[in-house]
Amino acid sequence: MDSGSPGDAPAIELRGVSKVFRTPSGGAHPAVRDLDLAVGPSEFVAVVGPTGCGKSTVLTLVSGLDEPTEGDVLIGGEPVTGIRPEVGFVFQQDAVFPWRTVLSNVMAGPRFRGVPKARARERARDWLARVGLTAFEDRYPHQLSGGQRKRVALAQTFVGDPRILLMDEPFSALDVQTRALMSDELLELWGGSAASVVFVTHDLEEAISLADRVVVMTAGPATVKKIFPVGLPRPRKVEAVRLEARFVEIHREIWTSLGEEVRITRERGTHAA
Amino acid sequence: MPPDLRTAPATEDRRAGGRTRARARAARRRGLLVHGTRVLLLTAVLGAWELLARTEVIDPFNFSMPSRIWDQIAQWAAHGTAQGSLGEQIGYTLYEALLGWVIGVTCGVVLGITLGRVPFLAEVLGPYLKVLNALPRIVLAPIFLIWFGLGPASKVASAVVLVFFPVFFNAFQGAREVDRNLVANARILGASNRRVTLQVVVPSATSWIFTSLHISFGFALIGAIVGEYIGATKGLGLLVATSQGTFNAAGVYAAMVILAVVALLAEGLLTFAEKRLFRWKPAAPGGER
Numbered sequence: 002m003d004s005g006s007p008g009d010a011p012a013i014e015l016r017g018v019s020k021v022f023r024t025p026s027g028g029a030h031p032a033v034r035d036l037d038l039a040v041g042p043s044e045f046v047a048v049v050g051p052t053g054c055g056k057s058t059v060l061t062l063v064s065g066l067d068e069p070t071e072g073d074v075l076i077g078g079e080p081v082t083g084i085r086p087e088v089g090f091v092f093q094q095d096a097v098f099p100w101r102t103v104l105s106n107v108m109a110g111p112r113f114r115g116v117p118k119a120r121a122r123e124r125a126r127d128w129l130a131r132v133g134l135t136a137f138e139d140r141y142p143h144q145l146s147g148g149q150r151k152r153v154a155l156a157q158t159f160v161g162d163p164r165i166l167l168m169d170e171p172f173s174a175l176d177v178q179t180r181a182l183m184s185d186e187l188l189e190l191w192g193g194s195a196a197s198v199v200f201v202t203h204d205l206e207e208a209i210s211l212a213d214r215v216v217v218m219t220a221g222p223a224t225v226k227k228i229f230p231v232g233l234p235r236p237r238k239v240e241a242v243r244l245e246a247r248f249v250e251i252h253r254e255i256w257t258s259l260g261e262e263v264r265i266t267r268e269r270g271t272h273a274a
Numbered sequence: 140m141p142p143d144l145r146t147a148p149a150t151e152d153r154r155a156g157g158r159t160r161a162r163a164r165a166a167r168r169r170g171l172l173v174h175g176t177r178v179l180l181l182t183a184v185l186g187a188w189e190l191l192a193r194t195e196v197i198d199p200f201n202f203s204m205p206s207r208i209w210d211q212i213a214q215w216a217a218h219g220t221a222q223g224s225l226g227e228q229i230g231y232t233l234y235e236a237l238l239g240w241v242i243g244v245t246c247g248v249v250l251g252i253t254l255g256r257v258p259f260l261a262e263v264l265g266p267y268l269k270v271l272n273a274l275p276r277i278v279l280a281p282i283f284l285i286w287f288g289l290g291p292a293s294k295v296a297s298a299v300v301l302v303f304f305p306v307f308f309n310a311f312q313g314a315r316e317v318d319r320n321l322v323a324n325a326r327i328l329g330a331s332n333r334r335v336t337l338q339v340v341v342p343s344a345t346s347w348i349f350t351s352l353h354i355s356f357g358f359a360l361i362g363a364i365v366g367e368y369i370g371a372t373k374g375l376g377l378l379v380a381t382s383q384g385t386f387n388a389a390g391v392y393a394a395m396v397i398l399a400v401v402a403l404l405a406e407g408l409l410t411f412a413e414k415r416l417f418r419w420k421p422a423a424p425g426g427e428r
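Listed in order, the protein sequences are those of chains U and E. The first sequence begins at 2 in this note's numbering and counts up by one. The second sequence begins at 140 in this note's numbering and counts up by one.
These aren't lab readings, by the way, just hints derived from the structure by calculation. All values reported here derive from a predicted model rather than from experimental measurement. For every residue, glycine included, the Cβ atom is placed at its ideal position computed from N, Cα and C. Treat each hint with caution, since some may be false.
[Said to hold, decoys possible] A short list of chain U residues far from chain E (calculated; beta carbon distances all over 12 Å):
| no. | residue |
| --- | --- |
| 1 | Phe22 |
| 2 | Pro86 |
| 3 | Arg264 |
[Unchecked claim] So the derived list for chain U, only partly shown, Cβ under 10 Å to chain E, looks like this:
| no. | residue |
| --- | --- |
| 4 | Thr61 |
| 5 | Ser64 |
| 6 | Phe92 |
| 7 | Thr102 |
| 8 | Ala109 |
| 9 | Gly110 |
| 10 | Arg112 |
| 11 | Gln157 |
| 12 | Gly161 |
| 13 | Leu167 |
| 14 | Ala195 |
[As the list claims (entries may be wrong)] According to the in silico footprint, chain U covers these stretches of chain E (three or more CB under 8 Å from chain U):
| no. | stretch |
| --- | --- |
| 15 | 226-234 |
| 16 | 331-344 |
| 17 | 396-405 |
Bound conformation, chain U alone (with noise of 0.2 Å):
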């Protein structure tokens, strides 16, 4: 699965990042700091870490569309200068073009990068046809529910082949049922995808059954607290693993990592406030 990575390096690799923000005001704002972590190829990796500690920042960093203020970002062993065709991003918000129908929605990838019209729109129906849109392809995304909303994200995302996969808290707008029919429909489109995945959320639960590793993450600046591996048998189904004891132990040892980070993130809060 290393193709194309030279010798043993890892698909996606932080060497000792940091990220600082100007405010408005003028001050500095740090989001990251001296961050380590690495990505094997076609491990699926969860963030999970208090909220505003700087998680997404990180997916930012890796993605291209930002730069660290300090440390190294390398894909397959080479430093990151801007964005890559190998790389997806699902995000948190609805990103899907609501001025353009499903199709063409997922079409939008292959067409920025220059691929033929007909080709696009093969690709387009096929990845269609595998989140069961196939008869929504004329609709506006406004005509969509949430759930529909999020299918076209995953098939606009991965109708580009994307060898690294990023998700910032894809399903977090998503109501409980949806979001596990949907947890189940990634897994399987990952399956067979093989790509690597960092998926950042504040919902242990969640990452749990979707990862191989969990990394927890400090209040913020967000750096890496400890990282745990699940060691849950794949294939899963989110809503059975989750009865596992396994399960439950492992929820427990995590737990009592990331809760501290979230107490002191919430005593902060009140400080500030």
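We have chain U already, so just place chain E on it with the hints.
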């Protein structure tokens, strides 16, 4: 048992159908009431005006009356005006307004989007645009008359300056308030800067731009009319000016009525185009989303 099963849904159906029909009837009745009251209001106002003028409570020489205004329009339509046929005057004014509108909108949109996308330009040009916008632009009309003469060019110019600013500011705002997620998504999907501008920024700014198009067509008409009023050889503005010069109050009002009709027709066309263009939007705010 079986007959019960069959009749129960049937009655329910009938009841539901009856209720729907009653509701439709109520809606229709309400629509009729609104329209009826509207017509009544217009008749009352025009009737009172006519009556007051005929009984000379108000001076008919200064205030004219609806019947005279109507006669004036009919006479212009049948025999033409002092400057030529009525259609020609309307066509002339419309041509100037439309040309000014198209030029103003094009410049406003292009410059607005460009400045919205290039912060450096926005920072450099920002204060100058503010100064120009603070200027009461209608006073430029006499200057344009000196520059471009009595022909249509001076009217087009004053329409352009009136149209440009509202369109520009809306396009600028629209380009700046594009959803950052959409831009980030397009970039991740491989869109170049040019593509982001054309396929993300422009479409999301269109709803901003369209709100300004509605007002700005009115501005274009004002620009053309004022330009004609100050000095022209043809047009509705000149018609107003000459009617005023000959103390023909009915003529002034008649020209105003014609202008209002023209403006309303243009507004209708624009709304139609907007509906076609915004099929991707939910029908009503809070409708589905």
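U:Leu167 as an interface hint toward chain E, with CB separation required under 10 Å: Holds. Min distance 9 Å.
For the hint on U:Phe92, just tell me whether its beta-carbon gets within less than 10 Å of chain E. With Cβ-Cβ at 5 Å, under 10 Å, it holds.
Hint check: is the beta carbon of U:Arg112 less than 10 Å from a beta carbon of chain E? Nearest chain E Cβ about 9 Å off; hint holds.
Against chain U, does the stretch 396-405 of chain E show at least 3 residues with beta-carbon separation below 8 Å? Violated: only 0 residues of the stretch 396-405 of chain E have a Cβ under 8 Å from chain U.
Measuring from the C-beta of U:Thr102 to each C-beta in chain E, is the shortest one below 10 Å? Holds, because the Cβ-Cβ distance from U:Thr102 to chain E comes to roughly 8 Å (cut-off 10 Å).
Status of the hint placing U:Gly161 at chain E (closest C-beta pair under 10 Å): holds, 7 Å
Tell me if chain U covers the stretch 226-234 of chain E under the three-residue, 8 Å CB rule, please? As far as the stretch 226-234 of chain E goes, the hint is violated, because 0 residues have Cβ atoms under 8 Å from chain U.
Any CB of chain E closer than 10 Å to the CB of U:Gln157? With Cβ-Cβ at 7 Å, under 10 Å, it holds.
With d taken as the least Cβ-Cβ distance between U:Arg264 and chain E, does d exceed 12 Å? Fine: 31 Å to the nearest Cβ keeps U:Arg264 off the interface.
Closest C-beta approach of U:Thr61 to chain E relative to 10 Å, hint status: Given a least distance of 8 Å, the restraint on U:Thr61 holds.
Can we confirm that no CB of chain E comes within 12 Å of the CB of U:Phe22? holds, 14 Å
Hey, does U:Pro86 actually stay past 12 Å from chain E on C-beta? Not fine: 6 Å to the nearest Cβ puts U:Pro86 too close to chain E.
In the structure shown, a violation is registered for the earlier hints numbered 2, 14, 15 and 17, in ascending order.
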